Amino acid sequence: MVQAWIDNKINSNLPSTATSPFILYPAVFKIESNGEQHLRIKKIEGVANTHQESIYWLNIKDIPAAPKKGTDNYLQFSIVNKIKIFYRPAALKNQVDAMHKDLVWHFTHDGRGNVLAKVSNNSRYYASLTELNVNVNGKQIKNEVDMVAPGQSENWVLKGVTLSDVNKGKAEYGMVNDYGAVIYRPVIIN
Numbered sequence: 402m403v404q405a406w407i408d409n410k411i412n413s414n415l416p417s418t419a420t421s422p423f424i425l426y427p428a429v430f431k432i433e434s435n436g437e438q439h440l441r442i443k444k445i446e447g448v449a450n451t452h453q454e455s456i457y458w459l460n461i462k463d464i465p466a467a468p469k470k471g472t473d474n475y476l477q478f479s480i481v482n483k484i485k486i487f488y489r490p491a492a493l494k495n496q497v498d499a500m501h502k503d504l505v506w507h508f509t510h511d512g513r514g515n516v517l518a519k520v521s522n523n524s525r526y527y528a529s530l531t532e533l534n535v536n537v538n539g540k541q542i543k544n545e546v547d548m549v550a551p552g553q554s555e556n557w558v559l560k561g562v563t564l565s566d567v568n569k570g571k572a573e574y575g576m577v578n579d580y581g582a583v584i585y586r587p588v589i590i591n
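Its first residue numbered 402, the sequence shown is counted upward by one per residue in the numbering used here.
For the record, the hints were derived by calculation from the structure and aren't laboratory data.
These numbers come from a predicted model, not from an experiment.
Ideal placement from N, C-alpha and C gives every residue a C-beta, glycine not left out.
The reader is advised that the hints may include incorrect statements.
[As the list claims (entries may be wrong)] 20 Å max Cα-Cα, derived PhoX-like pairs, lysine-lysine:
1. K569 / K519
2. K571 / K540
3. K410 / K485
[Stated by the list, open to error] Taking CB as the label site, the calculated pair distances span:
4. K540 / E437: 42 to 52 Å
5. N523 / N578: 13 to 23 Å
6. K540 / R586: 13 to 23 Å
7. K469 / D511: 54 to 64 Å
Using the sequences plus the hints, can you model the full thing?
Below is the structure:
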């Protein structure tokens, strides 16, 4: 059995508390072995934010079947997969390919000997960043980064690099495009 719903919060795991201007159907279904199921999404009310991209979460919860009678010991897990849904208002011109020009990077020390990376997203789109790579003596040092909302900033502590490594201009970041591919771009330090 599968249960699916859309919510505007990532940490919500209950369809009863979900908030979204979209409905999803079917909300509950069963998939047979080697089967498939199509889900339909319909907007039922206006999206509050019409000047920038909005994010919602498609939750798909796999509910295991009850064990057969006579089974004394068993362990079951219910797994929830979360998939990002980006809603881009029609009034928003599709300039997402130029979004990287609106990412402003700053690097400083965090006071504990680590390098602190700060990125400000001045675009009207979500920046789904995957990693920040710094080349140190010919070796790529990978640091995980995350999504940055429109008009927001995020900070990450970088491991295994110095401020001079970053300032030498040998840093790049990965960003997921509209087709799910990761595009790598050089970090432009401002």
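Unmet hints by their number, sorted upward, for this structure
none
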